[in-house]
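Asker: Start from the sequences and build out the full structure, keeping to the hints where you can.
If you're matching positions, the sequence shown starts at 1 in UniProt numbering and goes up one per residue.
Hints are computed from structural coordinates only; laboratory data are not their basis.
Certain hints may be false.
Computed Cβ-Cβ distance ranges for the label pairs, DEER-style [said to hold, decoys possible]:
1. L144 <-> P51: 48 to 54 Å
2. D11 <-> E130: 22 to 28 Å
3. I135 <-> H160: 24 to 30 Å
4. G104 <-> K141: 17 to 23 Å
5. A152 <-> R73: 16 to 22 Å
6. I135 <-> H48: 51 to 57 Å
7. G68 <-> T94: 31 to 37 Å
8. Y50 <-> N92: 43 to 49 Å
For glycine and all other residues, C-beta sits at the position ideal for the given N, C-alpha and C.
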Amino acid sequence: MDQKVLVLNGDYTAITLCSVQKAFVLLYLDKAEMVAKSEHGTLRTISHAYPKPSIIRLQRYVRVPYKGIALSRHNIFKRDHFECQYCGSTKNLTLDHVVPRSRGGESSWTNLLTACARCNHAKGHRTPHEAGLAIRQQPKKPTLAGFLKLSAGTIDQNWHAYLN
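Answerer: Below, the structure is given as structure tokens:
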């Protein structure tokens, strides 16, 4: 039951993920309709069996004030797949400013990346080029669809049409 369900707005745009239980409640209360069923089992009560939802669509359009993905330590780690962007290590992770703050670098999606303590210490107050380090993946601000893919863990095949 730890699977996620993709929630679409009234206009079929992806807005969030929710638990199977929450999706079932929305379906039962007629606040949402099922767009796609999961291929992994059913939900059972004493007297009924219901298909497990994979994608649901809200009956009414909900205005969601999209402010972007919050810039946080955990979200940067998630964007970078919890690995050092210099050496690929997954141990002792920290945040690193590509352009150091001592040189006017700011804390932004395009200037922060995940680095292990060893690489971060070796880089010091220099740029990666000056320190002789290559960045595996240039830091960029994630999109909502891309971030939903990262948050879901396993992605149902039905979701691809709505997350691309």
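Asker: Each hint needs a verdict: does it hold in this structure or not?
Answerer: Status of the hints after comparison with the structure:
1. Between L144 and P51, the C-beta spacing of about 27 Å breaks the proposed range 48 to 54 Å.
2. Look at D11 against E130: about 48 Å separates their beta carbons, and that is not inside 22 to 28 Å.
3. Roughly 28 Å separates the CB atoms of I135 and H160, a value that falls within the hinted 24 to 30 Å.
4. With their beta carbons about 20 Å apart, G104 and K141 fall inside the hinted range of 17 to 23 Å.
5. The supplied range of 16 to 22 Å is met by A152 and R73, whose beta-carbon atoms lie about 21 Å from each other.
6. In this structure, I135 and H48 meet the distance hint of 51 to 57 Å, their C-beta atoms being roughly 54 Å apart.
7. Taking 31 to 37 Å as the suggested C-beta distance range, the pair G68 and T94 does not conform, at roughly 23 Å.
8. Hint check: Y50 to N92, Cβ distance near 46 Å, so the stated range 43 to 49 Å holds.
Consistency with the previously given hints fails for numbers 1, 2, 7, ordered from lowest to highest.
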